[in-house]
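Input sequences plus hints: build the corresponding full structure.
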Amino acid sequence: MDLLLLSNPLLSSLIVLSGLALLFGGILGFAGLRFRVEGDPLIEQVDTLLPQSQCGQCGYPGCRPYAEAVVNQGVSPGLCPGGGQSTTKSIANLLGMEIPQSGPDGIAAVRQVAYIDETDCYGCAACIRACPSDAIVGANKQLHTVLSTECTGCGLCIASCDKKACISMQPVPITAQNWHWQPPPPEATPITLLMPKAQGA
Amino acid sequence: MTRKLKSIAGGIHPPQHKLLSSETPISVLPFPNRLILPVSQHIGTPAHPIVGLGETVLANQVIAEADGGFSLPVHASTSGSVTNISSHPVPHASNLDALCITIEPDGEHRELEREGLLNFREQPKESLLAKIRDCGIAGMGGAGFPTELKLNPRGAVKIHTLIINGAECEPYITADDRLMRENAADIVTGAAILNYLLDDPENCLLAVEDNKPEAIAALRQAAQGTPVEIVELPTKYPSGGEKQLIEIICGEQLPLGKLPADLGILVQNITTTGAIYRAVTHGKPVFARVVTVSGGGVERPGNYKVLLGTPVDHLLKTIGYRPDDTARLVMGGPMMGFTISDTRVPIIKTSNCVLALTAEEAPAPKAANPCIRCGKCAQACPMQLLPQQLYWYARGHNHEQLQQHHLMDCIECGCCSYSCTSNIPLVHYFRSAKGELRAAEEERLLMERAKQRQQARTARQQALQAEREAKRNSRRKPSPAEHPAVPDTADQS
Numbered sequence: 483m484d485l486l487l488l489s490n491p492l493l494s495s496l497i498v499l500s501g502l503a504l505l506f507g508g509i510l511g512f513a514g515l516r517f518r519v520e521g522d523p524l525i526e527q528v529d530t531l532l533p534q535s536q537c538g539q540c541g542y543p544g545c546r547p548y549a550e551a552v553v554n555q556g557v558s559p560g561l562c563p564g565g566g567q568s569t570t571k572s573i574a575n576l577l578g579m580e581i582p583q584s585g586p587d588g589i590a591a592v593r594q595v596a597y598i599d600e601t602d603c604y605g606c607a608a609c610i611r612a613c614p615s616d617a618i619v620g621a622n623k624q625l626h627t628v629l630s631t632e633c634t635g636c637g638l639c640i641a642s643c644d645k646k647a648c649i650s651m652q653p654v655p656i657t658a659q660n661w662h663w664q665p666p667p668p669e670a671t672p673i674t675l676l677m678p679k680a681q682g683a
Numbered sequence: 216m217t218r219k220l221k222s223i224a225g226g227i228h229p230p231q232h233k234l235l236s237s238e239t240p241i242s243v244l245p246f247p248n249r250l251i252l253p254v255s256q257h258i259g260t261p262a263h264p265i266v267g268l269g270e271t272v273l274a275n276q277v278i279a280e281a282d283g284g285f286s287l288p289v290h291a292s293t294s295g296s297v298t299n300i301s302s303h304p305v306p307h308a309s310n311l312d313a314l315c316i317t318i319e320p321d322g323e324h325r326e327l328e329r330e331g332l333l334n335f336r337e338q339p340k341e342s343l344l345a346k347i348r349d350c351g352i353a354g355m356g357g358a359g360f361p362t363e364l365k366l367n368p369r370g371a372v373k374i375h376t377l378i379i380n381g382a383e384c385e386p387y388i389t390a391d392d393r394l395m396r397e398n399a400a401d402i403v404t405g406a407a408i409l410n411y412l413l414d415d416p417e418n419c420l421l422a423v424e425d426n427k428p429e430a431i432a433a434l435r436q437a438a439q440g441t442p443v444e445i446v447e448l449p450t451k452y453p454s455g456g457e458k459q460l461i462e463i464i465c466g467e468q469l470p471l472g473k474l475p476a477d478l479g480i481l482v483q484n485i486t487t488t489g490a491i492y493r494a495v496t497h498g499k500p501v502f503a504r505v506v507t508v509s510g511g512g513v514e515r516p517g518n519y520k521v522l523l524g525t526p527v528d529h530l531l532k533t534i535g536y537r538p539d540d541t542a543r544l545v546m547g548g549p550m551m552g553f554t555i556s557d558t559r560v561p562i563i564k565t566s567n568c569v570l571a572l573t574a575e576e577a578p579a580p581k582a583a584n585p586c587i588r589c590g591k592c593a594q595a596c597p598m599q600l601l602p603q604q605l606y607w608y609a610r611g612h613n614h615e616q617l618q619q620h621h622l623m624d625c626i627e628c629g630c631c632s633y634s635c636t637s638n639i640p641l642v643h644y645f646r647s648a649k650g651e652l653r654a655a656e657e658e659r660l661l662m663e664r665a666k667q668r669q670q671a672r673t674a675r676q677q678a679l680q681a682e683r684e685a686k687r688n689s690r691r692k693p694s695p696a697e698h699p700a701v702p703d704t705a706d707q708s
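Each protein sequence line maps, in turn, to chains A and B. So the first sequence is numbered by my numbering: it starts at 483 and just counts up by one. So the second sequence is numbered by my numbering: it starts at 216 and just counts up by one.
Source of the hints: derived by calculation from the structure; they are not laboratory data. Errors might be hidden in some of the hints.
[Claimed, not checked] Cross-link-like lysine-lysine pairs, in silico, DSS-like; alpha carbons within 30 Å at most: (1) B:Lys686 / B:Lys473; (2) B:Lys221 / B:Lys473; (3) B:Lys365 / A:Lys646; (4) B:Lys458 / B:Lys221; (5) A:Lys623 / B:Lys686; (6) B:Lys666 / A:Lys571; (7) B:Lys340 / B:Lys451; (8) B:Lys373 / B:Lys221; (9) B:Lys520 / B:Lys233; (10) A:Lys623 / B:Lys666; (11) B:Lys365 / B:Lys520; (12) B:Lys340 / A:Lys571; (13) B:Lys340 / B:Lys499; (14) B:Lys520 / B:Lys219; (15) B:Lys499 / B:Lys219.
Here it is in structure tokens:
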């Protein structure tokens with residue numbers, strides 16, 4: 483019987499191959515259960531790049547929903563004003579997307595921080611409750627102020643203000659400390675040098 | 216006797232133009248009618264003004280005190296009254312304004328008596344360091360790093376080599392050269408003070424480029440019988456850079472992110488060393504410095520002892536400035552200095568040179584041609600970087616590649632731009648790219664802090680919520696039961 487099976491080339495190869503298929507199928511099935519990844523790892527990675535201020539300015543209810551939208555629906559990575567240019571760039575690099583230029587997609591060209599006009603503040607503490615990164619100090623019926631080095635510029639405080647007059651977003655002033663060189667003006671590279679001149683031009 | 220020196224990679228030999236200003240003795244500039252003293256003349260937190268408007272101040276009086284550990288005080292350079300405390304143009308590549316204190320001199324130069332420490336070897340080191348700090352000594356070669364912080368032992372490594380930097384490799388500048396010729400004894404005593412502060416390192420070297428034979432002779436004479444050894448360096452730009460000097464003398468390359476002190480080496484500028492001597496033995500703060508004024512746009516180029524805060528326009532006017540002949544006004548050397556557009560900027564601790572260059576000396580930059588990858592820049596780079604490669608990454612703002620190609624190691628010496636056959640302003644690209652990298656890093660840190668603060672806030676809110684819940688439960692519980700409330704809640708929580 484054994485001899486018969488092995489001597490038949492068709493049967494023997496069938497048995498060996500299906501045996502192998504069963505074995506590898508089993509291994510894959512086991513690995514699929516054993517090393518299961520909860521959720522989409524890509525969403526997780528995008529989520530860690532986001533500032534986690536849950537400010538909702540991207541139009542999604544929080545950082546994670548926005549991360550899901552970017553990964554699953556290909557929404558622009560440039561909608562996070564709190565994260566700024568660097569966050570946009572790192573998300574775009576991670577997902578191989580085009581880096582949106584500043585402007586319409588919500589990235590301000592210069593960093594903005596909240597500023598409280600102290601002559602108008604009457605100490606309602608609404609902005610303090612709204613600030614996701616604890617960058618506003620003060621108490622009820624006391625003057626508030628913004629820790630400008632900690633403000634991410636998410637703008638949640640603006641929306642929360644009762645008076646709508648005492649708090650505003652201001653661009654960070656450029657001083658000798660944070661100034662840096664700008665690139666030289668684009669070179670007037672004479673492209674004609676590299677290409678043959680058009681006839682008669 | 217002669218020390219074995221290593222030669223650095225790259226470097227250039229630009230025309231020196233030093234004879235324009237090196238052969239006339241240092242002369243003292245007459246008092247200007249106002250002095251503008253920026254509160255930030257060093258690297259670190261700006262000083263905090265402590266004088267009021269209209270207040271009369273004496274020379275050497277503190278007018279702005281250090282704000283925290285990484286800061287230095289500012290002193291009045293002469294006696295007079297404070298007329299203004301406001302924003303004023305300062306000597307900075309950005310041409311921005313910063314907070315300055317304006318003093319109108321009374322012309323009498325009444326000095327505040329300050330005590331020096333005689334016989335410094337018998338004094339505790341702490342009081343010497345305190346003197347250096349209180350006198351507001353910062354690196355006067357250009358960087359402006361607080362000297363006391365540099366001298367304070369931080370790591371476990373003992374300093375084995377002290378290098379006093381008198382290389383002065385930039386063209387035109389001769390301030391250090393003149394100072395070494397005329398004040399060699401002060402510099403040698405300053406070196407001896409540093410020697411004592413650093414527990415007598417094995418090597419105490421005074422490095423001077425061999426294009427200054429008179430300075431070398433004067434120093435040799437002054438250093439007789441002292442542990443100070445004079446080292447002659449072959450003339451090459453930029454051998455006066457800190458990293459280059461260490462490589463030439465010690466044969467070691469300074470790794471990125473390490474300080475010379477980590478290798479047991481300390482480098483001090485020659486002018487700073489002289490200032491240390493005056494601070495320790497006379498208790499005098501830096502109130503004046505020697506500035507080279509040179510170029511084809513001035514009638515009497517030379518070296519001038521200038522009160523700190525003197526506006527550049529006063530300096531230029533006094534020595535015969537011809538604005539029509541001047542194409543470009545530069546502060547610092549022609550290689551690493553910056554163009555100033557406003558002549559109201561003052562001379563500060565770090566200003567060593569003002570150049571009024573004619574159109575011949577500083578021709579307008581020619582239009583850049585495409586990079587042909589000739590590799591001249593890579594041969595000239597003293598840090599052995601690949602400028603031709605960095606150039607493309609800088610143009611493409613490719614931060615990852617810029618970092619991998621060690622952009623942050625660039626010392627901005629300008630050798631690449633100088634040697635570029637296509638007139639590409641390479642160092643300009645690198646300066647801006649370095650700024651971009653720093654800004655990106657800062658933003659990353661801000662985001663990281665924001666994330667931590669957000670997590671801490673959530674944790675705090677949850678704890679508060681839990682506490683409230685517990686309280687509510689405890690209030691509800693005791694009503695139906697006969698049990699006392701307190702132990703019950705304790706169990707609950």
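For each hint, the structure was consulted:
no., hint, verdict
1, B:Lys686 / B:Lys473, "violated (55 Å)"
2, B:Lys221 / B:Lys473, "holds (21 Å)"
3, B:Lys365 / A:Lys646, "violated (49 Å)"
4, B:Lys458 / B:Lys221, "holds (13 Å)"
5, A:Lys623 / B:Lys686, "holds (27 Å)"
6, B:Lys666 / A:Lys571, "holds (18 Å)"
7, B:Lys340 / B:Lys451, "violated (37 Å)"
8, B:Lys373 / B:Lys221, "holds (23 Å)"
9, B:Lys520 / B:Lys233, "holds (18 Å)"
10, A:Lys623 / B:Lys666, "holds (28 Å)"
11, B:Lys365 / B:Lys520, "holds (26 Å)"
12, B:Lys340 / A:Lys571, "violated (51 Å)"
13, B:Lys340 / B:Lys499, "holds (18 Å)"
14, B:Lys520 / B:Lys219, "violated (36 Å)"
15, B:Lys499 / B:Lys219, "violated (38 Å)"
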